[in-house]
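Engineer: Kindly produce the complete structure, drawing on both the sequences and the hints.
Number of protein chains: 4
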Amino acid sequence: MLTIIAGTNRKNSTTLKIAKFYQQRLAAKNVSSTIMDLAQLPTDFVFSALYENSGKHEVFNQFRKQITDSQQLVFIVPEYNGSYPGVLKSFIDGLQYPDGLKGKEVALVGLSAGVLGGAWALSHLTDILHFLNVDVISVKVRLASIKSHFVDGEITNPLYNELLEMQIEKLMLNNTTIYNIS
Amino acid sequence: MLTIIAGTNRKNSTTLKIAKFYQQRLAAKNVSSTIMDLAQLPTDFVFSALYENSGKHEVFNQFRKQITDSQQLVFIVPEYNGSYPGVLKSFIDGLQYPDGLKGKEVALVGLSAGVLGGAWALSHLTDILHFLNVDVISVKVRLASIKSHFVDGEITNPLYNELLEMQIEKLMLNNTTIYNIS
Amino acid sequence: MLTIIAGTNRKNSTTLKIAKFYQQRLAAKNVSSTIMDLAQLPTDFVFSALYENSGKHEVFNQFRKQITDSQQLVFIVPEYNGSYPGVLKSFIDGLQYPDGLKGKEVALVGLSAGVLGGAWALSHLTDILHFLNVDVISVKVRLASIKSHFVDGEITNPLYNELLEMQIEKLMLNNTTIYNIS
Amino acid sequence: MLTIIAGTNRKNSTTLKIAKFYQQRLAAKNVSSTIMDLAQLPTDFVFSALYENSGKHEVFNQFRKQITDSQQLVFIVPEYNGSYPGVLKSFIDGLQYPDGLKGKEVALVGLSAGVLGGAWALSHLTDILHFLNVDVISVKVRLASIKSHFVDGEITNPLYNELLEMQIEKLMLNNTTIYNIS
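Chains as they are written, first to last, in this note's numbering: chain P, 22 to 203; chain D, 22 to 203; chain Y, 22 to 203; chain B, 22 to 203.
You may find that some hints are simply not true.
Same chains, same label: a pair holds when it works inside one copy or across any pair of copies.
Here are the computed lysine to aspartate or glutamate pairs in the DMTMM-like style, where the Cα-Cα straight-line distance is at most 25 Å [to be verified]:
| id | residue 1 | residue 2 |
| --- | --- | --- |
| 1 | Lys191 | Glu73 |
| 2 | Lys168 | Asp90 |
| 3 | Lys125 | Glu79 |
| 4 | Lys38 | Glu79 |
| 5 | Lys38 | Asp58 |
| 6 | Lys86 | Glu183 |
Derived from the structure by calculation, the hints contain no laboratory data.
Structural biologist: Below you can see the structure in the form of structure tokens.
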């Protein structure tokens with residue numbers, strides 16, 4: 022299973038729209054995927070699903086199971102204060118420790134209003150993911166100045182599309198969910 | 022004002038105990054400080070105090086005000102999954118944007134059960150803080166293998182104490198809250 | 022071909038000894054490898070083989086060719102001043118640009134006299150390698166306090182050996198140089 | 022003394038031109054500075070001035086002395102392969118260990134043909150400098166797409182100039198070389 026994580030809990034986020042666009046790009050290659058929207062997390066999960074409550078929160082456990090069942094993950098990561106949103110790290114902090122992500126393959130996509138496209142966000146996440154023995158696809162996509170390059174649900178910048186294509190091809194090498202549409 | 026932030030919402034954390042130890046060390050030099058314990062944050066602040074709710078949450082605003090009123094901050098940062106706790110970044114994401122921390126001076130202390138002492142946690146935070154135009158004291162203290170070196174509320178490792186001393190001296194150069202006890 | 026790069030130009034380095042140990046570990050699994058010792062680089066290569074001289078230095082070109090012919094690389098990286106040795110980055114700066122390393126698979130091993138084991142060195146190299154579209158094996162080995170754990174050419178720390186084993190197994194998944202010794 | 026380091030050994034580099042521009046900006050505020058051009062280093066210094074030769078190379082020692090005599094340093098850092106040039110790190114590796122930079126104040130300026138402006142280069146350098154107990158000014162300037170924004174020796178991008186101004190003002194707080202021109 023391949024899950025695309027919209028990495029913020031902001032409502033109606035561009036991040037979620039990018040996740041949907043990514044899903045369409047995968048579907049165009051006959052790759053099935055599911056979107057996980059962090060805006061749907063229990064609002065107090067940072068307190069009610071971590072530490073002494075780890076593994077005991079019924080709703081959060083459904084998110085955990087979705088991760089457990091996924092061999093591949095795509096993180097869509099908006100740049101907040103120069104790095105990733107805290108809620109995304111809290112979500113990781115709430116997964117089964119220390120093996121909740123181990124051995125999975127992750128693709129990273131950053132987006133930002135500014136020029137960096139989440140350069141540090143993706144770099145910091147890579148440190149974390151490698152620490153947890155997660156494979157990170159070398160092609161990381163940084164969608165900078167997103168408002169100029171994402172219009173009506175489509176990426177309009179050719180370079181961005183090319184990089185997304187390269188990343189998706191890497192994902193497909195190890196993907197087991199390509200369905201037969203015929 | 023100098024505020025020491027216990028950078029996790031885990032209950033009865035070693036992080037909070039280190040914060041208290043740090044406060045004592047400051048007090049021994051006649052430097053007044055206040056502890057801010059992230060375990061006291063509203064449990065749903067990541068949803069109820071960010072984005073469209075930014076600045077509207079009465080309880081969270083008290084945390085914001087404490088930060089605004091502080092010229093100096095000490096972050097006590099436990100290592101979670103190779104970096105800082107997500108809740109600490111969410112707290113920063115909830116501050117007034119983009120100037121909530123601008124111009125303040127920050128000291129960083131990491132702690133870990135393992136050997137790194139939060140090396141990446143402090144490095145990632147530095148990226149974020151510099152992005153926000155916050156001064157970061159060059160002496161960063163990494164309290165690795167904390168269980169062996171923090172006993173009965175005291176740091177027992179001489180090197181750790183020496184580094185803390187160096188950091189506190191740097192803080193004192195710009196501190197305005199040294200009180201006259203005579 | 023698999024090449025192990027001893028990532029310093031220091032003479033008689035522990036780094037080179039670790040490279041030889043790594044080669045033995047690979048050989049024990051019937052994986053053939055070659056060691057590249059940066060101490061053998063032309064002494065003025067940073068001036069005579071880069072920029073306007075790129076590709077024109079006969080001796081340096083032999084190093085380039087060795088890299089070109091290798092599908093897999095193992096970097097043995099001593100920690101100098103908190104990161105990797107400058108000479109290792111200069112070596113990368115001297116490779117064919119921008120595709121000299123593209124598509125290769127790299128394993129990273131850090132070593133240090135101190136407690137970090139090259140944590141930042143490997144992190145910084147990962148940023149560089151991902152920028153160049155190089156696959157980095159998620160298992161990174163940090164050989165901290167190396168003097169206590171590397172005796173008579175053997176790693177004596179069981180955890181270190183276990184991590185090296187994990188990394189080598191990852192390398193073997195994509196390796197094409199396993200020879201038949203029978 | 023304030024020294025501006027042109028952080029590459031490439032001949033006739035844009036980096037050196039930016040260093041000269043920075044010097045003019047300082048001079049306009051009556052701050053005296055000296056430029057150190059790494060292109061003037063002995064061509065084999067990575068071999069002849071490090072390790073067993075540390076401190077024994079007469080010409081390299083003049084560079085060391087210049088650093089020792091400087092209380093403030095400005096690093097002008099071009100982005101090579103996603104980070105800083107190897108030669109800049111080798112230069113740091115050749116300084117007196119471990120105290121060659123301790124206690125100095127450093128300002129960082131990155132430049133790149135691409136969009137990052139040396140974001141990682143400056144981040145990696147900060148890790149190194151903090152490891153060495155060097156103060157890093159929080160305002161880091163990233164001069165991205167430099168060819169469009171540096172014309173005839175002048176920065177034409179108003180935001181870039183504003184950031185440089187902010188950085189220089191920080192430098193001036195601790196500067197002792199402001200001369201009296203009257």
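Engineer: Looking back at the numbered hints, which does the structure fail to meet, lowest number first?
Structural biologist: 1, 2, 4, 6
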